[in-house]
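Trainee: Sequence:
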Amino acid sequence: MEEKRVVSIEDRIPKLKQERRKKANRKLIIYIVIFFILILVGIYLQSPLSNISKIEVEGEQFLTEDEIIETSKLDLDTNFWGGTQSNKVEEALRDHSQIKEAEVSKKLPGTIKIEVTELTHIGYMTVEQVMYPVLEDGTILEQVNKEVIDGSVPMIFQFKDANNLQSLANELSKLPRYIRTLISEIHSEPSDTNPYIIRLYMNDGYEVETTARDFASNLKTYPSIVSQLEGDKKGSLR
1 MEEKRVVSIE DRIPKLKQER RKKANRKLII YIVIFFILIL VGIYLQSPLS NISKIEVEGE
61 QFLTEDEIIE TSKLDLDTNF WGGTQSNKVE EALRDHSQIK EAEVSKKLPG TIKIEVTELT
121 HIGYMTVEQV MYPVLEDGTI LEQVNKEVID GSVPMIFQFK DANNLQSLAN ELSKLPRYIR
181 TLISEIHSEP SDTNPYIIRL YMNDGYEVET TARDFASNLK TYPSIVSQLE GDKKGSLR
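Under our numbering, the residues of the sequence shown are numbered 1 to 238, in order.
Hints in this document: simulated from the structure, not taken from any laboratory.
Just so it is clear, the structure is predicted and the values come from calculations on it, not from any experiment.
Hints may contain errors.
[To be verified] With a Cα cut of at most 25 Å, we get these calculated DSS-like pairs of lysine-lysine: (1) 54 - 27; (2) 27 - 73; (3) 23 - 54; (4) 160 - 174; (5) 73 - 88; (6) 113 - 88; (7) 100 - 113; (8) 54 - 106; (9) 174 - 113.
[Unchecked claim] Okay, the calculated beta carbon distance ranges per label pair: (10) 213 - 82: 46 to 54 Å; (11) 47 - 130: 46 to 54 Å; (12) 131 - 174: 35 to 43 Å.
The beta carbon of each residue, even a glycine, is placed where N, CA and C say it ideally should be.
Let the sequences and hints guide you as you build the complete structure.
Mentor: Right, dumping it as structure tokens:
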């Protein structure tokens, strides 16, 4: 019968102590590394290195890039991690009277990207020889940047009723852009029975009488109707 080897407990104790010591040393090293990493992260977050390095703006049409950045309340001194909550920045941007939608995203290492959709200029009203943009929600802007005036949209006259102007803005925003460019002027001509009557002066010489509440659906057929008219004589269409 083969004789079994007997291992003394006294012989095993030093080895067990050595293995435990190695495990304890490995844990200590890991803790030290984690500790120094946390210190470095803390130093980084408190240093200018963690600030925004660049702000990109896309989608601006009538507003300038500087105006959008100012509205966002971001700058290169803002912390990239703690001072740029996207939802709060987007909310601040949407509060601007000319911004319809806004989306803010981050790109490492420190770039903030702002994408905006502006409200369209659907026309201009003249007050004391100054043109004021009318937005697609019916708002009349009080400030005008002459460098971004859209010459392809119509001039709007005599709209003294806010509800009438709102209806007009809603209808114009529904029109395809190529049809809006066919309109030169829009005049409000209310009657005793219908306060929403308007007259459109077209760039091709025709006049269109309709109402501010429903002219979008009718005007979509304008190009095909005009193409069927004979002769060079211009007139009114109803």
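Trainee: Are the hints correct? Go through all of them and say.
Mentor: Consistency of the hints with the structure:
Note on residue 54 and residue 27: the hinted pairing is violated, with a Cα-Cα distance of about 41 Å set against a maximum of 25 Å. Distance hint between residue 27 and residue 73 is unfulfilled; the C-alpha atoms sit about 45 Å from each other, more than 25 Å. The hinted pair formed by residue 23 and residue 54 fails the criterion: a straight-line CA distance of about 46 Å is larger than 25 Å. For the given pair, residue 160 sits about 22 Å from residue 174 by alpha-carbon distance, which is consistent with the 25 Å threshold.
The hinted pair formed by residue 73 and residue 88 meets the criterion: a straight-line CA distance of about 10 Å does not exceed 25 Å. The hinted pair formed by residue 113 and residue 88 meets the criterion: a straight-line CA distance of about 14 Å does not exceed 25 Å. Pair hint residue 100 plus residue 113 holds up; C-alpha atoms about 17 Å apart against a cutoff of 25 Å. Pair hint residue 54 plus residue 106 holds up; C-alpha atoms about 10 Å apart against a cutoff of 25 Å.
Under the criterion of a C-alpha separation no larger than 25 Å, the hint pairing residue 174 with residue 113 is inconsistent with the structure, at around 30 Å. A hinted range of 46 to 54 Å for the beta carbons of residue 213 and residue 82 is consistent with their spacing of about 50 Å. The hinted range of 46 to 54 Å is satisfied by residue 47 and residue 130, whose Cβ atoms lie roughly 49 Å apart. In this structure the supplied range 35 to 43 Å is violated for residue 131 paired with residue 174, their Cβ-Cβ distance being about 23 Å.
In summary, the structure is inconsistent with hints 1, 2, 3, 9, 12 from the numbered list given earlier, while agreeing with the others.
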